[in-house]
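> We have chain A; now place chain B onto it with these hints.
In order, the protein sequences belong to chains A and B.
Just so it is clear: in the first sequence, position 339 is 338 by numbering that gives the first Met the number 0, and no numbers are missing.
Just so it is clear: in the second sequence, position 346 is 345 by numbering that gives the first Met the number 0, and no numbers are missing.
Since the hints were made in silico from the structure, they are not lab data.
Keep in mind it's a predicted model, so treat the numbers as computed, not measured.
Be aware that a few hints might be false.
Which copy is meant is left open, so a pair is good if it fits within one copy or across any two.
What the hints assert, rightly or not - Calculated lysine to aspartate or glutamate pairs in the EDC-like style (CA-CA distance at most 20 Å, straight line):
(1) K61 <-> D181
(2) K61 <-> E50
(3) K61 <-> E354
(4) K61 <-> D312
(5) K61 <-> E29
(6) K61 <-> D102
(7) K61 <-> E25
(8) K61 <-> D242
There are 2 protein chains.
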Amino acid sequence: MPAERGQGPGRGATDRGSAGRPTISEVAAEAGVGRATAARTLGGYGYVSPELRERVLAAARKLGYRTNALARSMSTGVTHTIGVIVADIGNPFFAGVMRGISDTSRARGFDTLVLSTYEALEEEVAATDVLIDKRVDGMIISSAAVDRGEVAHIRAAIDRGVPVVLVDRAVAALDLDTVVIDNRDAAREAVETLVEAGHRRIGFVWGPPAAEQPATRRGLLARTSRNLWTDGERLRGYLDALDDARIPFDPELVMVGEKSERHAAQEVARMLALPDRITAVFCTEAEAVIGALRAIRAAGLSYPRDVSIIGFDDSAWAAVMEPPLTMIEQPVHELGATAARVLLDVLEGAEPRREMHTLRSRLIVRSSVGPAPAG
Amino acid sequence: MPAERGQGPGRGATDRGSAGRPTISEVAAEAGVGRATAARTLGGYGYVSPELRERVLAAARKLGYRTNALARSMSTGVTHTIGVIVADIGNPFFAGVMRGISDTSRARGFDTLVLSTYEALEEEVAATDVLIDKRVDGMIISSAAVDRGEVAHIRAAIDRGVPVVLVDRAVAALDLDTVVIDNRDAAREAVETLVEAGHRRIGFVWGPPAAEQPATRRGLLARTSRNLWTDGERLRGYLDALDDARIPFDPELVMVGEKSERHAAQEVARMLALPDRITAVFCTEAEAVIGALRAIRAAGLSYPRDVSIIGFDDSAWAAVMEPPLTMIEQPVHELGATAARVLLDVLEGAEPRREMHTLRSRLIVRSSVGPAPAG
Chain A
0 MPAERGQGPG RGATDRGSAG RPTISEVAAE AGVGRATAAR TLGGYGYVSP ELRERVLAAA
60 RKLGYRTNAL ARSMSTGVTH TIGVIVADIG NPFFAGVMRG ISDTSRARGF DTLVLSTYEA
120 LEEEVAATDV LIDKRVDGMI ISSAAVDRGE VAHIRAAIDR GVPVVLVDRA VAALDLDTVV
180 IDNRDAAREA VETLVEAGHR RIGFVWGPPA AEQPATRRGL LARTSRNLWT DGERLRGYLD
240 ALDDARIPFD PELVMVGEKS ERHAAQEVAR MLALPDRITA VFCTEAEAVI GALRAIRAAG
300 LSYPRDVSII GFDDSAWAAV MEPPLTMIEQ PVHELGATAA RVLLDVLEGA EPRREMHTLR
360 SRLIVRSSVG PAPAG
Chain B
0 MPAERGQGPG RGATDRGSAG RPTISEVAAE AGVGRATAAR TLGGYGYVSP ELRERVLAAA
60 RKLGYRTNAL ARSMSTGVTH TIGVIVADIG NPFFAGVMRG ISDTSRARGF DTLVLSTYEA
120 LEEEVAATDV LIDKRVDGMI ISSAAVDRGE VAHIRAAIDR GVPVVLVDRA VAALDLDTVV
180 IDNRDAAREA VETLVEAGHR RIGFVWGPPA AEQPATRRGL LARTSRNLWT DGERLRGYLD
240 ALDDARIPFD PELVMVGEKS ERHAAQEVAR MLALPDRITA VFCTEAEAVI GALRAIRAAG
300 LSYPRDVSII GFDDSAWAAV MEPPLTMIEQ PVHELGATAA RVLLDVLEGA EPRREMHTLR
360 SRLIVRSSVG PAPAG
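Chain A on its own, in the form it takes in the complex:
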């Protein structure tokens, strides 16, 4: 009765009795393949075409066949599990990436274990150790590492024969397959959209987590070397758009400090109170958008009349805001699916290409950008 749940594969599959575990031969019969094919698939050795493998795995699941994966992994070295380390599973962005990884991996017979580091590098190091101990075949990591001194754990995994693909964030110190979006172009396009509507005082929220505003553009860019890659790229896109429009850089329009909704609200309030106040704000995260909206309301202003706004990442709620928000949509599922595809290809024998795989984001134009109010 799959319709009962409204989604998911057939549920009858789990109605197995308690009368003994099914054998490989029974799985083979159910899948309509030879016993050797079923044994190769379930044992994780030798070649089996993707179609047949999928049929065998479906039959195995249907019958409730369970290999002793631990014992199997001892002999074949393959566990058919991949590990994923994300920075914050509470961020809908990463939840979407995870879904892409999970869908792609399951279709190719791999299970996915997830650990969340909540942006703490120390947790990431521990998570890498856990996944190695759990004998995953490979890992996908959105790393908090920003420089050479912080990547020993990733190198250690690779040295132990566990391939790693990076997702969302490039790490300059690592020459690995990396799946990202076009952060710099996306930010540039968003800020250009604001410039084209006549805005010249455009806030950037959130910026580098520094203690105070760098006084110069050079100082700001220097800081980005200690930033997450995505943050640095989005800042560069903002500066690109200002440069193209010959709008001078003003450090007062860049938020620094703690990345939180509360602090974003404080910083946007500060920028709205400047003598030459901002008339638009570009937000690099959905939480920052919410902070900016709070500040706009608290100042007795409204968007897009008094202040225009564009932000990452598009969400269902952004479309039902009144007026609906113009947002940047990242291809989250495809990010995860691509990372999984690249990793699984390597696990199945392909050479790592050590490339940057860049996917396109999309600006979803709604109604939060208006003409700059007359000074």
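Chain B in isolation, oriented as in the chain A frame:
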């Protein structure tokens, strides 16, 4: 330089050199404990007080000490990992629960592996097998199982000595420690709030995933035995509030079918087009709230003037909607933390209490409820 990241523990911790792995004695010295204590902690055997264990684990992480957990688990049977199976990690509710589990587990020296089933029972069965194969010490599950025929995988885990705690959803067929919120009371309070504002035509979105509306109240309740427990409880709370106010049950005001934002919008549109249309809607999930808002707008109506609305779960965006939404807030972090505490107590020797642990939700009153418009 923790301030650079804006959060998380010290990062210098990971600056270990490549010159050989630290020994247990080095970890003991760093932690300021005896070698035997460090060995017991890192080996996972014998008694170590929580404070000392935490110090040893912190020192081990700082020095980059890594046990061979697989080998260790073979001899001691303890891996210091717990497995979590959630219905949908893309739902912010489960992301919050996960954070609670993770924070509590880490503080007690356990790592957390997560698998998401996307509400498919078949995936849940497979996930249970994966976690048993990965030799987790215990599991926390938000199960999609609704009856006796669907719990064999959970019984199998327990039979193999892997304790299980249920979270968010009770499963009547299982006598296990279960951590939930007061779903029925929460729904009743929300609907009472609408009744007190004068509403008598109150939509319920979303309801049972049946193919068509049960014609009677009895038929509706019969359906809930094939529902997720939370859905059934919330429906009962809705009916309680109607009963108390002597408002007759009208099956046309209950959404049935696929649980999706799109279908919620269709169903609310239908209820708004009835000759005796709804003047309020109670939503059991945030996605349903968004669907309802779309339908209200599409009908050229606005809230709370024409239609009042209350829903699960409170979110940052609900507070910045204009007008801000009255929502039910679940104690998501505490749900996860409690589930982890109950499981870890059992892993550390306590007897399972096989109790229902019920936490209180909270109605956050904002501005989406108004008086019922005059018919």
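> All hints, please: hold or fail.
Consistency of the hints with the structure:
1. K61 <-> D181: neither (41 Å within a copy, 35 Å between copies)
2. K61 <-> E50: within (16 Å within a copy, 46 Å between copies)
3. K61 <-> E354: neither (38 Å within a copy, 32 Å between copies)
4. K61 <-> D312: neither (38 Å within a copy, 35 Å between copies)
5. K61 <-> E29: Within one copy only: 9 Å inside, 51 Å across.
6. K61 <-> D102: within (18 Å within a copy, 35 Å between copies)
7. K61 <-> E25: within (11 Å within a copy, 50 Å between copies)
8. K61 <-> D242: neither (60 Å within a copy, 44 Å between copies)
Of the hints listed earlier, those the structure fails to meet are numbers 1, 3, 4 and 8, in rising order.
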